[in-house]
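S.K.: Assemble the whole structure, with the sequences as input and the hints as a guide.
Number of protein chains: 2
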Amino acid sequence: MNALGLVSMRLCAGLMGRRSAVNPPFLRFSSGMTSSQIDEEVAKLLQLKAQLGGDEGKHVFVLKTAKGTRDYNPKQMAIREKVFSIIISCFKRHGAETIDTPVFELKETLTGKYGEDSKLIYDLKDQGGELLSLRYDLTVPFARYLALNKITNIKRYHIAKVYRRDNPAMTRGRYREFYQCDFDIAGQYDAMIPDAECLKIVYEILNELDLGDFRIKVNDRRILDGMFAVCGVPDEKFRTICSTVDKLDKMAWEDVKKEMVNEKGLSEDVADRIGEYVSMQGGQDLAERLLQDPKLSQNKQAFAGLTDMKLLFSYLELFQVTDKVVFDLSLARGLDYYTGVIYEAILSQTIPASVSTPAEQNGADEAGVSVGSVAGGGRYDGLVGMFDPKGRKVPCVGVSIGIERIFSIMEQKAETSSEKVRTTETQVLVASAQKNLLEERLKLTSQLWNAGIKAEVLYKKNPKLLSQLQHCEETGIPLVAILGEQELKDGVVKLRNVASREEVDVPRADLVDEIKKRTL
Amino acid sequence: MNALGLVSMRLCAGLMGRRSAVNPPFLRFSSGMTSSQIDEEVAKLLQLKAQLGGDEGKHVFVLKTAKGTRDYNPKQMAIREKVFSIIISCFKRHGAETIDTPVFELKETLTGKYGEDSKLIYDLKDQGGELLSLRYDLTVPFARYLALNKITNIKRYHIAKVYRRDNPAMTRGRYREFYQCDFDIAGQYDAMIPDAECLKIVYEILNELDLGDFRIKVNDRRILDGMFAVCGVPDEKFRTICSTVDKLDKMAWEDVKKEMVNEKGLSEDVADRIGEYVSMQGGQDLAERLLQDPKLSQNKQAFAGLTDMKLLFSYLELFQVTDKVVFDLSLARGLDYYTGVIYEAILSQTIPASVSTPAEQNGADEAGVSVGSVAGGGRYDGLVGMFDPKGRKVPCVGVSIGIERIFSIMEQKAETSSEKVRTTETQVLVASAQKNLLEERLKLTSQLWNAGIKAEVLYKKNPKLLSQLQHCEETGIPLVAILGEQELKDGVVKLRNVASREEVDVPRADLVDEIKKRTL
Numbered sequence: 001m002n003a004l005g006l007v008s009m010r011l012c013a014g015l016m017g018r019r020s021a022v023n024p025p026f027l028r029f030s031s032g033m034t035s036s037q038i039d040e041e042v043a044k045l046l047q048l049k050a051q052l053g054g055d056e057g058k059h060v061f062v063l064k065t066a067k068g069t070r071d072y073n074p075k076q077m078a079i080r081e082k083v084f085s086i087i088i089s090c091f092k093r094h095g096a097e098t099i100d101t102p103v104f105e106l107k108e109t110l111t112g113k114y115g116e117d118s119k120l121i122y123d124l125k126d127q128g129g130e131l132l133s134l135r136y137d138l139t140v141p142f143a144r145y146l147a148l149n150k151i152t153n154i155k156r157y158h159i160a161k162v163y164r165r166d167n168p169a170m171t172r173g174r175y176r177e178f179y180q181c182d183f184d185i186a187g188q189y190d191a192m193i194p195d196a197e198c199l200k201i202v203y204e205i206l207n208e209l210d211l212g213d214f215r216i217k218v219n220d221r222r223i224l225d226g227m228f229a230v231c232g233v234p235d236e237k238f239r240t241i242c243s244t245v246d247k248l249d250k251m252a253w254e255d256v257k258k259e260m261v262n263e264k265g266l267s268e269d270v271a272d273r274i275g276e277y278v279s280m281q282g283g284q285d286l287a288e289r290l291l292q293d294p295k296l297s298q299n300k301q302a303f304a305g306l307t308d309m310k311l312l313f314s315y316l317e318l319f320q321v322t323d324k325v326v327f328d329l330s331l332a333r334g335l336d337y338y339t340g341v342i343y344e345a346i347l348s349q350t351i352p353a354s355v356s357t358p359a360e361q362n363g364a365d366e367a368g369v370s371v372g373s374v375a376g377g378g379r380y381d382g383l384v385g386m387f388d389p390k391g392r393k394v395p396c397v398g399v400s401i402g403i404e405r406i407f408s409i410m411e412q413k414a415e416t417s418s419e420k421v422r423t424t425e426t427q428v429l430v431a432s433a434q435k436n437l438l439e440e441r442l443k444l445t446s447q448l449w450n451a452g453i454k455a456e457v458l459y460k461k462n463p464k465l466l467s468q469l470q471h472c473e474e475t476g477i478p479l480v481a482i483l484g485e486q487e488l489k490d491g492v493v494k495l496r497n498v499a500s501r502e503e504v505d506v507p508r509a510d511l512v513d514e515i516k517k518r519t520l
Numbered sequence: 001m002n003a004l005g006l007v008s009m010r011l012c013a014g015l016m017g018r019r020s021a022v023n024p025p026f027l028r029f030s031s032g033m034t035s036s037q038i039d040e041e042v043a044k045l046l047q048l049k050a051q052l053g054g055d056e057g058k059h060v061f062v063l064k065t066a067k068g069t070r071d072y073n074p075k076q077m078a079i080r081e082k083v084f085s086i087i088i089s090c091f092k093r094h095g096a097e098t099i100d101t102p103v104f105e106l107k108e109t110l111t112g113k114y115g116e117d118s119k120l121i122y123d124l125k126d127q128g129g130e131l132l133s134l135r136y137d138l139t140v141p142f143a144r145y146l147a148l149n150k151i152t153n154i155k156r157y158h159i160a161k162v163y164r165r166d167n168p169a170m171t172r173g174r175y176r177e178f179y180q181c182d183f184d185i186a187g188q189y190d191a192m193i194p195d196a197e198c199l200k201i202v203y204e205i206l207n208e209l210d211l212g213d214f215r216i217k218v219n220d221r222r223i224l225d226g227m228f229a230v231c232g233v234p235d236e237k238f239r240t241i242c243s244t245v246d247k248l249d250k251m252a253w254e255d256v257k258k259e260m261v262n263e264k265g266l267s268e269d270v271a272d273r274i275g276e277y278v279s280m281q282g283g284q285d286l287a288e289r290l291l292q293d294p295k296l297s298q299n300k301q302a303f304a305g306l307t308d309m310k311l312l313f314s315y316l317e318l319f320q321v322t323d324k325v326v327f328d329l330s331l332a333r334g335l336d337y338y339t340g341v342i343y344e345a346i347l348s349q350t351i352p353a354s355v356s357t358p359a360e361q362n363g364a365d366e367a368g369v370s371v372g373s374v375a376g377g378g379r380y381d382g383l384v385g386m387f388d389p390k391g392r393k394v395p396c397v398g399v400s401i402g403i404e405r406i407f408s409i410m411e412q413k414a415e416t417s418s419e420k421v422r423t424t425e426t427q428v429l430v431a432s433a434q435k436n437l438l439e440e441r442l443k444l445t446s447q448l449w450n451a452g453i454k455a456e457v458l459y460k461k462n463p464k465l466l467s468q469l470q471h472c473e474e475t476g477i478p479l480v481a482i483l484g485e486q487e488l489k490d491g492v493v494k495l496r497n498v499a500s501r502e503e504v505d506v507p508r509a510d511l512v513d514e515i516k517k518r519t520l
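Residue numbers (full-length UniProt numbering), protein chains in the order written: chain V, 1 to 520; chain F, 1 to 520.
What the hints contain is simulated information worked out from the structure, not anything from laboratory work.
Don't take each hint at face value.
If several chains are the same, the list does not tell them apart, and a pair holds so long as it fits within one copy or across any two.
[Unchecked claim] Derived DSBU-like pairs (lysine-lysine); straight-line CA-CA distance at most 30 Å:
| no. | residue 1 | residue 2 |
| --- | --- | --- |
| 1 | Lys92 | Lys413 |
| 2 | Lys300 | Lys461 |
| 3 | Lys310 | Lys460 |
| 4 | Lys454 | Lys92 |
| 5 | Lys443 | Lys237 |
| 6 | Lys435 | Lys92 |
| 7 | Lys119 | Lys107 |
| 8 | Lys150 | Lys461 |
| 9 | Lys454 | Lys324 |
| 10 | Lys454 | Lys464 |
| 11 | Lys324 | Lys310 |
| 12 | Lys393 | Lys435 |
| 13 | Lys64 | Lys161 |
| 14 | Lys82 | Lys119 |
| 15 | Lys92 | Lys461 |
| 16 | Lys150 | Lys454 |
| 17 | Lys413 | Lys310 |
| 18 | Lys161 | Lys92 |
| 19 | Lys390 | Lys75 |
| 20 | Lys324 | Lys250 |
Owing to the predicted nature of the structure, the values given are computational and were not obtained by experimental measurement.
M.R.: Next comes the structure, spelled out in structure tokens:
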């Protein structure tokens, strides 16, 4: 911290001192404050400190992006566009439309939708007017969109950035600003058909992205709730126990059990009964077996969930995706809004240990860090009704592709590959070997642009031929159109193939066709 | 407002009362507060009020998007994608790469870059950690990107949303969240070549979007500064007078003069001298004429600007765009960071008066509201240096396409057009006329997906043929593949052309090829 920073710290401390010494009403109010209100007050004082600092003069400017965020350079963008194009093709193949919503919503719109994760929401500063928050996912804005526009039927995808004040782990592709690619089906339909299509989509996308082997875990909120009831978890603890079960992919059962008993107040034997169920994995057979479980099948919720699970697997059979889908009772997913089927896709591939930082290697096996979940989703039949003034429900099911982790893997692949990633699509560079031909170069370039040719020209009056050729080599431009006094006199252009170094004189009138032919 | 809202209002007022009555240090501090600090305090109290309200219980939830923002429905998205694709094609034709930056930056990164517009920046709430703001444009993040990554040469485009707490005028396409499409060239090059390419790009894009006639106004900051000096404006008033001149596109000269004299403290005759210059318009000829102006050409800044303007027009001549480009001394542009050439494109077309609200019709002519600026930009040679720890400069010039206004016009066009906008690309619907064929429909659909065909199937066990055909008519699906007991027995599918109602039996093995052939 620089000297001026210290000054404002001191000013700030002075202000606090004065306040607390002679400001009993403020203090009296404070004594009734909740922890979040105290956080607020601290935030305000820090803001005030910043303001005072700003008024006092300059301090050292830190050149960086905000914590947990990153820029994408052209090479990363080229990879990103390739990934998006595969995903969008799949969504379009399934007949989806697309929509967009604002990056921020009224704070209230997001309130009460994310359970324990709500603390990770970014709020905007109150600058007068509405209280706003950055979107945390694309699902809640989608439900708000449906309710606001009274839409009861839609199949849509939405690709956009979402924001979470989480602990970033950038080498594993976990950021505070990250893309989600969501596909959702809203509408009252026959059971499990849209749900099965969502799983088919995850399967298709992960296959086409060629990220190695993967598994898609499936479960149902109703099965979880039924299981909790049967095991003796009190109703009011279902959601919080659900959050704890959700940690089973990162924590050992022993630690999850400890959290259930010590933090969430379950008895040991209730936890053990849960432990038995959550170790179960299978397919349609497991659904059938649990339907025979006398206790579980007595529970209405569990029975409905298991019956649907059986039906789901029959559709997945028709879609030929059962080789990767597992019915797994340990899958919970933390979000509050799920009401039926839930699922999550996990890559088997691991990121080489050398790439991850020591702090991130907790729980990693010898081979490296597991990439973890790359897609997830489920059914949320109650969310739209929470927004509708009359509580009208619109059943929904959807999936979200965790694209950032996929980008991380693709970037690593590109780095180790020998193939160079092109970041432009330029077909030809207009060049000259002689001086004083800038005007002729600009004129020809303009003619090529007007004919739809992707063309570049160096912004120098008299560039060296070598530096013009170097630019082509560096950026992968395949052709050079070379102008000289002689070519101008003859009404031709020397067209050079950068890779083979072959040159041929092409009449000006044929140049556009010739470039098109050579860069198909 | 509901009862609970009133309660928290009263609580809030009570709190304020208590504070001001028995809280002298707070008050003493207040007396030294700036207006922005008072705004802050008010914002904090409002936040506190909201918190108290939240703790007390429910209040009426307002279902809406944040002020000045909007959702895009599938039809709007289809239009948006068409516009983007034209613009991106143009950027790629000119050899540009693309990058992306986070939606928020450190608050400091944006500080001091936008002059009087800085008050429109959205800040994030201080939730502990860094002070952040939403990006206000894509230019400052671009400069930050170059400095952070030590890049001295790049031609890039960036299409993303930016945020301004401006007064929204939604029917004219003015939002608080809106897209910018930026193209910039960074690097030390020979004078005016990249600048001319930017203007060529604006010309190409506005031509291809087919929005009717347009003009591109050009000026230079150095000419403006020289003109101010020659007219007798004190140095420290250059920027603020520049902001006032910038209003000439919305206000009459008389009102602009009034602001200069009454608010900015210029003398009448200084303002009148400015008035003479800012009425001048022309092309290369005007630059030449002003170079003969004894006072202006004596000014170093003005001389450099006019010399470059002459050179710029010679390049624009080669690019064949001088029919739309005007050298206009009244063009100012408010942003602080411009150092050389500036420009702005204006559509001649107007939005029908019936679409705009009365409040927006100020200054509108009889025919309707002028759409105003749809593109703008200029040279900013100092901005990157503001971020570089050693102050190293990277000269830049760029253009930003004001895409929202273009969307508004395109949407209105689409509404009045008889042609229906398709929002999906589905080639075929898999249907059946008989009951109990869901499994067969799902199996065939899956086969089509696997073959890369865009296919849909209704999520009903036994949908009526009529409702299946209706779905095709409504969404523009051209083909229906109909399954029945007989077709299954014969190993064929009845392929129906929705428009012509013709039906033909196609062997299952030929179906994919037949669909591809018919939906080229």
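S.K.: State whether the alpha carbon distance between Lys150 and Lys454 is at most 30 Å within one copy, between copies, both, or neither.
M.R.: between (45 Å within a copy, 27 Å between copies)
S.K.: Under a CA distance limit of 30 Å, which applies to Lys390 and Lys75: within one copy, between copies, both, or neither?
M.R.: between (49 Å within a copy, 27 Å between copies)
S.K.: First find the shortest C-alpha distance between Lys92 and Lys461 inside one copy, then the shortest across copies, and answer within, between, both or neither for a cut-off of 30 Å.
M.R.: between (48 Å within a copy, 23 Å between copies)
S.K.: Have a look at Lys64 and Lys161 and pick one of within, between, both or neither, based on CA distance no larger than 30 Å.
M.R.: both (20 Å within a copy, 20 Å between copies)
S.K.: With 30 Å as the alpha-carbon cut-off, assign the pair Lys310 and Lys460 to within, between, both or neither.
M.R.: Only across copies: Lys310 and Lys460 sit 18 Å apart there, 69 Å inside one copy, limit 30 Å.
S.K.: Within a copy, between copies, both or neither: where do Lys300 and Lys461 come within 30 Å Cα-Cα?
M.R.: between (80 Å within a copy, 24 Å between copies)
S.K.: At 30 Å max between alpha carbons, let me know whether Lys454 reaches Lys464 within a copy, between copies, both or neither.
M.R.: Classified as within; 22 Å inside a copy, 51 Å across copies.
S.K.: Under a CA distance limit of 30 Å, which applies to Lys443 and Lys237: within one copy, between copies, both, or neither?
M.R.: neither (74 Å within a copy, 42 Å between copies)
S.K.: Which holds for Lys324 with Lys310 at a C-alpha limit of 30 Å: within a copy, between copies, both or neither?
M.R.: within (16 Å within a copy, 67 Å between copies)
S.K.: For the identical chains here, do Lys82 and Lys119 meet the 30 Å Cα criterion within one copy, between copies, both, or neither?
M.R.: neither (34 Å within a copy, 39 Å between copies)
S.K.: Give the relationship of Lys413 and Lys310 under a CA distance limit of 30 Å: within one copy only, between copies only, both, or neither.
M.R.: Classified as neither; 38 Å inside a copy, 50 Å across copies.
S.K.: Within a copy, between copies, both or neither: where do Lys454 and Lys92 come within 30 Å Cα-Cα?
M.R.: both (28 Å within a copy, 7 Å between copies)
Violated hints, in rising order: 5, 14, 17; the structure is consistent with all others.
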